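Given next are the chains, with one letter for each unit.
2 protein chains.
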Amino acid sequence: MTRQVDVVNAQGVHEQVSIPAERALTVYVDKREIVTLMTLGAHPELLVLGYLRNQRLVSQVSEVASITVDWDAGEGGAGVAAVKTYQGIADIQARTEKRVVTTGCGQGSVFGDLMDEIDTLALPDAHISQARLYGVLNAIRLQESTYKSAGSVHGCALFSGEDMQIFVEDVGRHNAIDTIAGWMWMHGVSADADSIFYTTGRLTSEMVMKSAQMGVAVVVSRSGITQMGYDLAARLQLCTVGRAMNKHFLCYTAAERLQLDPALAKATVHGVAAA
Amino acid sequence: MTRQVDVVNAQGVHEQVSIPAERALTVYVDKREIVTLMTLGAHPELLVLGYLRNQRLVSQVSEVASITVDWDAGEGGAGVAAVKTYQGIADIQARTEKRVVTTGCGQGSVFGDLMDEIDTLALPDAHISQARLYGVLNAIRLQESTYKSAGSVHGCALFSGEDMQIFVEDVGRHNAIDTIAGWMWMHGVSADADSIFYTTGRLTSEMVMKSAQMGVAVVVSRSGITQMGYDLAARLQLCTVGRAMNKHFLCYTAAERLQLDPALAKATVHGVAAA
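These protein sequence lines are chains Z and E, in that order. According to the working numbering, the first sequence is numbered sequentially starting from 4. According to the working numbering, the second sequence is numbered sequentially starting from 4.
Treat the hints as calculated values from the structure; they're not laboratory data. Please note: incorrect hints may appear among the correct ones.
Some chain E residues judged to face chain Z by a derived CB distance under 8 Å, without partners named [what the hints assert, rightly or not]:
| no. | residue |
| --- | --- |
| 1 | Val-8 |
| 2 | Gly-15 |
| 3 | Glu-25 |
| 4 | Ser-155 |
| 5 | Ser-226 |
| 6 | Lys-250 |
| 7 | Tyr-255 |
| 8 | Leu-263 |
The structure displayed is predicted, hence computed values, not measured ones. Cβ atoms here follow ideal geometry from the backbone N, Cα and C, with glycine treated the same way.
One chain only, chain Z, in its complex shape (with noise of 0.2 Å):
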């Protein structure tokens, strides 16, 4: 998933550095072209079927009869992946024209849709304990990344309390966010009170929609939250936790979730240096 490259530092010495691979994925849809994706290609299948189920382009994994990826196949260098359904997807045109470019990737739906269907959106009754968050924030510390050794990608994960359940790198955090969705869908997992998600990346509105819709209630990142991910986050009570690193975090929305033990704040854990 990585590849050397030879660069040059400021000492004027070269060196050789891992940057993180990234292929074109061009999607067809019953040989309909709908979009390409850059992805470092780790789980193109699983990405692919993210997508379509986060663009809510099909309803149910049952609609897709296969996914193939072929990547040698586009122009340009591009790979493919075809999917044929057992249907065909009604109104497909209609439905992947119009486009919503929202702060982090372009993935939207279309924006009048996204806040009609907030209301519509039902959150388990899930709580979060700060042991548990840290236990989560412990095991994002452990796990063994591409980001570690290229840096340059997001990193996604999904957890049952604190057992990490998947954990997907991409270099677009919404390939990472959709190849999760795609995974929930092909072992058939669906979130409940325990589960959280965790990203690398910003709490932007599209995250925080993703994730409602996958129906997880609490969402965790390391970095901060905009405005629009704030106010839909608010408005679904989803529990935003961000700048978690090690022992500290912000709990932005929904912190009647948050069950705070502010003595761990303190208490020293091994092997945790300081970010």
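Got chain Z sorted already, so can you dock chain E onto it with the hints?
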């Protein structure tokens, strides 16, 4: 450009923090809806103009009769930017239909078209000395910014030598670079051999491509590079300098444009703290 929100920290204490403002802005061209951009909202007209330029929807600024922004006019609380052109945009439906979701954001041109365009771009015979590079990094360090007060935004700047011509922040970094492109058009500014583009974001394919389209041959970033960004920059012989902060940097591509003076990496700069 920021809003105060109440948060709870790890000590269980409430505090006020700033988060960046974020507004939805739906762009209509000759009454046709094109896209909804999420933006900090500081320079909406320049953003829209630069968006149209970088999307290749408009090829001359003189084609645009007016851009009128009304923050209260759209659905669901979105603002509206109404663009009038003198002649209309030919094939606008076809040209806004296909989309590519690139690494950082989804504003990209169609992938194949983008690749075709590379070899038509000619960059100036630009060079940058290590002293000038440090001057650029120092100017960025001194810049007052929303990032400093609230975080969660990306910044971009255009330099002529060590002189910062314009500095723009936005919640999406493509908005920031598009705003700079709009500013250049509005003010008749062209890039030349002294032009340097700075971004806080990663050196993705789109950042490299947009810089090249603006005629800028040297791009500096605080972050790293992706493979597609690397490959494009290498092919364009565009000089990419990443991980640039204080005295540190890595030159990834077109190192022949960088005039090294490694002795400078060892000198003390007053007031520069280690990152």
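### Task
Sort out which numbered hints this structure fails and list those numbers smallest first.
Per hint list: zero violations.
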